[in-house]
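J.: Use the sequences and the hints to build the structure in full.
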Amino acid sequence: MKRPTIADIARRAGVSKGAVSYALNGQPGVSDATRERIVAIAREIGFNPNSAARALSGASSRAIGLTLCRPARMLSIEPFFMGLISGFEQVLAARSYALMLQVVPDPETEIEVYRRWWGERRVDGVLVTDLRENDIRIPVLDELQLPAVVIGGPGDTGRLTQVRSDDAGPIREAMAHLIGLGHRRIARVGGPPEMLHTRTRTRAFDEACQTLGLPEAVTVSSDYTGEEGSRATRDLLARPDRPTAIIYDNDVMAVAGLAVAQEIGLSVPADLSIVAWDDSPLCSLVHPPLTALTRDVPAYGAHAARQLLAAIAGEPVSDAEEQSAHLTPRGSTASPAARV
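If you count by my numbering, then the sequence shown holds residues 109 to 448, one letter each, in order.
Errors might be hidden in some of the hints.
Pair by pair, the computed Cβ-Cβ distance ranges are [what the hints assert, rightly or not]: (1) 250 / 280: 23 to 29 Å; (2) 426 / 324: 37 to 43 Å; (3) 124 / 209: 56 to 62 Å; (4) 428 / 125: 37 to 43 Å.
Simulated from the structure, these hints should not be mistaken for laboratory data.
Think of the CB as a built atom: it goes at the ideal place given N, C-alpha and C, for glycine as much as any other residue.
T.: Written out as structure tokens, the structure is:
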């Protein structure tokens, strides 16, 4: 995986390496037009002009990058990412690699972070989460030749390796569980709709409702926060034909939904059954404990980290699928109470 160098800039600009050095370091010796052209090329290929000396050395940074396009406050309450990061660290620490984390507001900013990290030699590779349809990050990572492993999919990731788990099967399993208990009005509180795993889950939910002959499939989009989980739950429970069961795309929203149901006087599970995606200690600490879709998230993270270190070392890597989440029934699901 070749990193951009001063020689690459010189070749594209049609000038000497000395001229590139003068331009990037603000020294006289090149015209303003040439300086602007050199700086533009450096930015385009991900070379940071403030890191020329380190770039020439070609030294490894012994660091892996992770950007999260989520609200920063989510990190303190999102067990999934804490589990994922613990899996990363299990592998990286053993190899004396550091993990560099940055929270960003949007994919465009995320791309700028990748360019800066790679140009400044801050990381040897990156772990990419929250794959989107026609993801704009993928061609940029390919162009930069930045070693990367995508966590999630399946989706179009070009040359980049994917480590993924099934998002459709667990939805079908949760639906089968609820249908077996006698539920017919089942709703879902989903994650951000632009994310590929959310779309996969929504499609599986819609297909399950259609196959089982249930009323209209209702998914309310959210952002994984407790506040949005509460809002979505209130909207669903205010309907005349309110659901008797709700599947949530993460544990934080499910706990928030449980609180809303209890606040308005509904009994869980007699009046409302709740299923949470990605089991965590939160699911067992509330009353009743939440039925959840359980998977080994740290193992997921560890596998992705191993794949990335292999790619950095130039070893062959290929797409891999982790074990799917499976339902762990607890006290939050039961047969719906008969309505008078």
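J.: Each of the hints needs a verdict: does it hold here or not?
T.: Against the structure, the hints come out as follows:
no., hint, in the structure
1, 250 / 280: 23 to 29 Å, "violated (34 Å)"
2, 426 / 324: 37 to 43 Å, "holds (41 Å)"
3, 124 / 209: 56 to 62 Å, "violated (39 Å)"
4, 428 / 125: 37 to 43 Å, "holds (41 Å)"
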